[in-house]
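Listed below are the residues making up each chain.
There are 4 protein chains.
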Amino acid sequence: MIRAGVVGASGLAGGELVRLITQHPDLELTFLGGSSSIGRRPSELHPGLRVGHQLTVRPVTEATADEVDVLFLATPAPVSAELAALLADRVPALVDLSGAFRIRTPDLHDRWYPKARRRPDLAERFVYGVPELIGDRLKDAPLISLPGCYATAITLGLAPLTLGLGLDLGTVVVDGKSGSSGGGLHLRTADLHPYRSGAIAPYAPTGHRHAAEVADFLEHARPGSVTRLSMSAYGVSHVRGLLTSSYVLTDEAVDARELARAYLRFYRGKPFVRVRRHEETLIPVPDPQAVLGSNYADVTALYDEDGGRVVVLAALDNLVKGAAGQAVQAANLRFGLPEETGLTQQPVVPA
Amino acid sequence: MIRAGVVGASGLAGGELVRLITQHPDLELTFLGGSSSIGRRPSELHPGLRVGHQLTVRPVTEATADEVDVLFLATPAPVSAELAALLADRVPALVDLSGAFRIRTPDLHDRWYPKARRRPDLAERFVYGVPELIGDRLKDAPLISLPGCYATAITLGLAPLTLGLGLDLGTVVVDGKSGSSGGGLHLRTADLHPYRSGAIAPYAPTGHRHAAEVADFLEHARPGSVTRLSMSAYGVSHVRGLLTSSYVLTDEAVDARELARAYLRFYRGKPFVRVRRHEETLIPVPDPQAVLGSNYADVTALYDEDGGRVVVLAALDNLVKGAAGQAVQAANLRFGLPEETGLTQQPVVPA
Amino acid sequence: MIRAGVVGASGLAGGELVRLITQHPDLELTFLGGSSSIGRRPSELHPGLRVGHQLTVRPVTEATADEVDVLFLATPAPVSAELAALLADRVPALVDLSGAFRIRTPDLHDRWYPKARRRPDLAERFVYGVPELIGDRLKDAPLISLPGCYATAITLGLAPLTLGLGLDLGTVVVDGKSGSSGGGLHLRTADLHPYRSGAIAPYAPTGHRHAAEVADFLEHARPGSVTRLSMSAYGVSHVRGLLTSSYVLTDEAVDARELARAYLRFYRGKPFVRVRRHEETLIPVPDPQAVLGSNYADVTALYDEDGGRVVVLAALDNLVKGAAGQAVQAANLRFGLPEETGLTQQPVVPA
Amino acid sequence: MIRAGVVGASGLAGGELVRLITQHPDLELTFLGGSSSIGRRPSELHPGLRVGHQLTVRPVTEATADEVDVLFLATPAPVSAELAALLADRVPALVDLSGAFRIRTPDLHDRWYPKARRRPDLAERFVYGVPELIGDRLKDAPLISLPGCYATAITLGLAPLTLGLGLDLGTVVVDGKSGSSGGGLHLRTADLHPYRSGAIAPYAPTGHRHAAEVADFLEHARPGSVTRLSMSAYGVSHVRGLLTSSYVLTDEAVDARELARAYLRFYRGKPFVRVRRHEETLIPVPDPQAVLGSNYADVTALYDEDGGRVVVLAALDNLVKGAAGQAVQAANLRFGLPEETGLTQQPVVPA
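In order, the protein sequence lines correspond to chains S, B, Z and E.
When you line the first sequence up against UniProt numbering, it's residues 1 to 351, in that order.
When you line the second sequence up against UniProt numbering, it's residues 1 to 351, in that order.
When you line the third sequence up against UniProt numbering, it's residues 1 to 351, in that order.
When you line the fourth sequence up against UniProt numbering, it's residues 1 to 351, in that order.
Derived from the structure by calculation, the hints contain no laboratory data.
One or more of the hints may lead you astray.
[Claimed, not checked] Cut-off 20 Å, straight-line C-alpha distance, at most; resulting in silico cross-link-like pairs (SDA-like, lysine to any residue): (1) Lys270(S) / Gln23(E); (2) Lys270(S) / Thr22(E); (3) Lys270(B) / Arg50(Z).
Please model the complete structure; the sequences and the hints are all you need to start from.
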């Protein structure tokens, strides 16, 4: 058994990690870390988790390293930056779910994450990326940084165009729609049920930092991939799951069937990415309800001749493929386990 | 009292017309028309309407003209086309909520509404438009065609830029998000509560006809307004209200304060359009929950320097400002009543 | 115009009062009181309210009395108790929406509202009750106390049996189901959208004080009405509206048609109570979605022969008929206006 | 591998069975039966299921018996009655999820299931019950009938009182609240999202047949358990999960701590029943959101001294513990597998 620890256990991603580790045949939960809920058990923090789990939340120290083989950091970026500095050389595997180590271009990092001070030596040792795109680099990687939930969806959607077909995408306008769990658990009036229910809340109409993260990744993966990538993000009236719509403007004609084939080809052999095709009838295009609770990402690309656009849609469960599930997937690859180990749960639909 | 009739009484827009006419001090409901619910009373068709209304649904005939001063057509486009041909010269005022007479460029109409056969003589007599933009032309107009719900929002959002500031907008990408009432009452599995709840359903990722409607209107109002306007539409997990995000690409710098002033100036004196400003705190940008049940449209425009975009947001209640309320507003203007008559209901928030 | 003030303007009931007063032809909003939002305008506190209202929230003092003809207290019970002591002899009409003056039996009051100290002289001057049941006593009443939202529904449901038919009800088990707006705006994790959405939360499985309030009222109205009335309350996954199910146990056979007639007879001429009958098809029994935004209460009673029960159902909008609307209704009666003045808004359905 | 077939594959319970069998280490899906979706694959019928499953829906015949070791019938009661008559002696294990074989008292069966004709010889061979209460009788049972979703919850809630403590319950009033998936996928206007969202729909205020089922089971398990058990059922505004509130009237004092201990004792060693205790804070009592997607049932009992009641609450996922999960649990017991095999999925919370 691989001993796993979770820091940030009281948050939504932390709770989801506990859920997935509990279901995992080769991971054993041996440490729960945090600062705000010291002494509490998972069942007190997350209503779904089984009564009876004996671990309680403790502060993270150097000694934490002795209790785990892999430590998942489900903490805010500044906390992750500090904990990584403390433990990077002590823990066999550190998997960070925050933005502390995502953006590799230094001044871009500093602009978008000013509170997570960048230590160049440390930052450069982190392997960052969507596992489907960097899987072989995760094998034996000691320090892993995972993309944000939106960034995962946008990147999975655009990769077949730019990394697969080798297209320069020019201008891309992204519209992201997410349920309320995407924003975490903040005690704000606008996040109370009466005001969040029924809302289409433009919470980040401009300036979402996942746009910078995606552009930075694509530029490193293949220079010239995207000229300008902008994003607006909206909170809609459900709890779990997000959809990204990436509008890729193009003046050239696109062969719709060739487009579909390119996506199928690009994700052949990737168990968690499902390319949605038209023959499936009830929900023919990506919709987050169809992935709920699972580690799947559903993607498709459609050509809009009138509009001069390729419409790229990607749906995933922000707490699973967008956070905890992807972290477990990365840990599987890190330790040489089959990618799907412990992640075979099918979507819970309808829910 | 002005005698008002509603055709399509069993649909959602029809029910909303009955609601608003019941609340209107100068309109009296004298006729209910339809084909599928002959003999039924409003309270049998719409659960909120008061028990006891004595009218029942009857077929529309030439004689219907004798019973009404204004007839609202809340019918599918092909039915509206037929009813208009029958009654255009018999009823003092005909207000059509369908797409039968919206697109004025003939071949564009035929492409998007192939089943609503266009009779040129009739089509050219209809006055079409958002009342805020064509108000004076509605006075005494016998034949009125109103924009679709999305088209109303997009047009109200873009008008201050193109009709107000006189800008040529170039490329505009529209992302529309609507609740389930936007799709009407169709008995389809995907529209049942279990599958529609929790969905972000890309029901028209390309090819929504409201895009053509808006482009056609703007081109007539001011040639060259928009070069290319594309649209994708999504169904999200609430019932009533929509938000349109119009991404206007631009390489020129925009003065954000000037932008805000232009919107305030353009809608000064328009009681139903509220330009949202940042000082309001709880919900600072347009969100359909803040207009529910009312005839308001909330709009704002934000400049995204990084993205090279103006982000234009517009929110409205698709059944009120997007349908029945706007129809009553148009009828008020038609009959010389104050624009707000019977439409002063404030939003029901939270709901 | 009657000058109206609202204290507790930042709460949900306070916001709803502002909405209804704005729509009312004979009331004018002249004062906004509160303690937590001093200096803010309604549009800053309630996202639906029109930008531009010039009043701001101020502390309540003795001088407040000079600015209003009627003062609505949408405040917690202890605050209402204090404000009533301060202003009872200074304001022509005081309408309290809290529990401070609802329970008339002194020791019962002290048990359920220990923090709202009872001043006997003041308590005895308040007129308390559902307006439909005590309407004539409201005329010229200076001090009015209104029932809680659940209490209103339960009382309207049971009154035709005990006050109409004169039955002694024996054992009554009440199950109340309410949306999230029923609990107010408290910054608690369990009230955040992710946890409140999808819940059926038994927030008061025993010991809800509205049960005591109803029993106390019925005992005063007709001694022996109810022997034992217990209640459990649940929060369900929508925002606005509640349903009460009162299970009246009985060993005697009941004539179902006679039961229906008794309800119709009891509420004849009461414009806000709609007795639901089976011939209406889409939603044949009380359901709060059918009253949303309106001052209606829908009631019905069904006989369950197998179960030896009469099932009494009552649905209302907890913020309107359960709070602000009922308060305006009481003020109308107080000032001799027709009961429906300003309250003719029809339900917004679906929403 | 145990070969498993599912009949009724296009329904919600059928889809859930496919999901759970796919996740099960010892079951292999070898047959999909149905009448309305012949030729279709699971991914065409259920949006969450993985594209690529090669089975398609076929009609059930005698030859079906050769393809399966266990056949799950997720069919309406009359269909189950017919299929059982056809296959009872040909399939090693038949697990029926319908009401065809639940009520053992013949005239009671005929009253509540008049369309599912009872064949005494067949009916008497079925083993019926909640697995926690009849587990040892399921070992090697060839014909298994499982309780309805509400019946499972009510029975699990009441069993510790009557079967554990040996109490005669007298009068029990049950109030059941369920999400929209509880009603199946019927194309009715009232089940469309706009009308079902926001509803508290009293769809069975009297006469729900699960009440008869529970009373019949308890009477067989321990004569005199319940004197009169009545039930009312409501549809609330979420999708998955139900809560039953059983109000047990009593004139005798109950020791609350003794009550809690009795529940813990009764369900000791039962992995799927979680007795909720007060020390857990976020959601201290049963709430279906805390079991979503899992096979857990959460129960608790509270004493209401004022009301003279024991309030028994039970929450479960109607498609898992209330249907497909319980069926897999029963099949596990039938084939001598550990009860939890394939059912260790933790709840997906929040969702």
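Structure-based check of all given hints:
no. : hint                 : result
1   : Lys270(S) / Gln23(E) : 19 Å, holds
2   : Lys270(S) / Thr22(E) : 18 Å, holds
3   : Lys270(B) / Arg50(Z) : 13 Å, holds
Of the numbered hints stated above, none is contradicted by the structure.
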